[in-house]
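Visitor: So the chains spell out like this:
There are 2 protein chains.
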Amino acid sequence: MTAQHEGQSPKPARSTTRRTLVTTELLDQATQLFAAKGYESTSLQDIADAMCISRPALYHYVRSKDDLLAMLVEQVSQNLADVLADLAARADLSPTQKLRELTGLLVRQRVQHPAQFRILDQSEKLLPEPADTKHVEAKRRVLREMTAIIDAGVATGEFIPVPARTAALSLLGMCNWVAWWIKPGAEVEPIVATLTGFAQRMLASTADGRPATPADALREIRTNLDWLEQRM
Amino acid sequence: MTAQHEGQSPKPARSTTRRTLVTTELLDQATQLFAAKGYESTSLQDIADAMCISRPALYHYVRSKDDLLAMLVEQVSQNLADVLADLAARADLSPTQKLRELTGLLVRQRVQHPAQFRILDQSEKLLPEPADTKHVEAKRRVLREMTAIIDAGVATGEFIPVPARTAALSLLGMCNWVAWWIKPGAEVEPIVATLTGFAQRMLASTADGRPATPADALREIRTNLDWLEQRM
Chain X
1 MTAQHEGQSP
11 KPARSTTRRT
21 LVTTELLDQA
31 TQLFAAKGYE
41 STSLQDIADA
51 MCISRPALYH
61 YVRSKDDLLA
71 MLVEQVSQNL
81 ADVLADLAAR
91 ADLSPTQKLR
101 ELTGLLVRQR
111 VQHPAQFRIL
121 DQSEKLLPEP
131 ADTKHVEAKR
141 RVLREMTAII
151 DAGVATGEFI
161 PVPARTAALS
171 LLGMCNWVAW
181 WIKPGAEVEP
191 IVATLTGFAQ
201 RMLASTADGR
211 PATPADALRE
221 IRTNLDWLEQ
231 RM
Chain L
1 MTAQHEGQSP
11 KPARSTTRRT
21 LVTTELLDQA
31 TQLFAAKGYE
41 STSLQDIADA
51 MCISRPALYH
61 YVRSKDDLLA
71 MLVEQVSQNL
81 ADVLADLAAR
91 ADLSPTQKLR
101 ELTGLLVRQR
111 VQHPAQFRIL
121 DQSEKLLPEP
131 ADTKHVEAKR
141 RVLREMTAII
151 DAGVATGEFI
161 PVPARTAALS
171 LLGMCNWVAW
181 WIKPGAEVEP
191 IVATLTGFAQ
201 RMLASTADGR
211 PATPADALRE
221 IRTNLDWLEQ
231 RM
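Chains as they are written, first to last, in our numbering: chain X, 1 to 232; chain L, 1 to 232.
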């Protein structure tokens, strides 16, 4: 790398970070307006007003509402598919750890940007090309990565034998639905903890997979013995 | 009851049944058109054509698209709230049995009429009064009945201690999402069995709550013993 390149590199990095921050804010403001007024009734001027910037300044980031939908696909579905692919590929995590991680990722994304997710879901018919193809591909990749993690857990015996696709779609439903019920300002981590626990309980084959204490294990043994005794 | 009343009573009953059947078919056809063409672009003529009836015949059942939304609220959300209230009130079922029943009810409704559920969800902003108020009330009742069943299970120790509202919303998400992924003609009962199993695993506190065989119970005891031994 030349001295000139080194000298220049921080500038694009800063500008990219700023652009990402503005994009996140822009998508949040736009999707909240779409949710409140409807997609058709929201103008770029409305979005500029909500961002407290001029319409020419807004054009620096987005040229049309179609652009916004394409950005949503990138931010919401493609981003999630990329992160899940990285997670699925990690050799240092067990299927159970990956299951907990992916549940946390999904829930946090839905809690932080519920309007983004719901508007994207409702706007699927409006998506311009190539955003539509990218969206469908990203959704397929998310399902494929989740299914692979579940299949791996079933293969090692960490998870009960289940139809992996149905299990992945059930987990997605539980996590996606957060975008429908989360209240503004709600605390995220208790929800992440509860849903991560549910995901694990749904699939873990043994008490070992659960955060059990010795007392839990003893109670479970006793319950199983009682149950067997009743059936003798 | 007079002889005259007795003689008349079968007629309204037959006519009500026929009306219910036609209403179900009408809502299925209309919501499939809304899903394919969009709500705004679908006319009553399109719906009459899809039903293979004349427009005047259609007017016998529905006068406007607003009417259709009101009927959807009645058929989808109010109907579910009524059925769940009956289920919650039954003294002959344990919380676990109620949990399994309600999961089956939710999944079957979503599998059989996915377009009805998704269109109703997407049209919440368009609902005319009094349908809108009825819809919001019905959704609250569904959540209240489910929360009550979970609270009862936590109180008896059949369920693990969980925030009942979050658990109810997680179950709703898992079951509602079926409307997003079910394929036409898919077999219902395997999906019901898998999701009912997940619901129970999410909440049941003991192996006793699960449909375990003696072999399952023995395996679970052995796993717990191994786990305890490792920690000694």
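The hints are simulated quantities; they were obtained by calculation from the structure and are not laboratory data. Take these hints with a grain of salt, some might be off.
Each computed SDA-like pair below joins lysine to any residue, with the alpha-carbon atoms no more than 25 Å apart [what the hints assert, rightly or not]:
1) X:139 to L:123
2) X:183 to L:180
3) L:134 to L:155
4) L:134 to L:22
5) L:125 to L:188
6) L:183 to X:161
7) X:134 to X:183
8) L:37 to X:161
Visitor: May I ask which of the numbered hints given earlier this structure violates, with the numbers listed in increasing order?
Guide: Structure breaks hints 3, 5, 7, 8.
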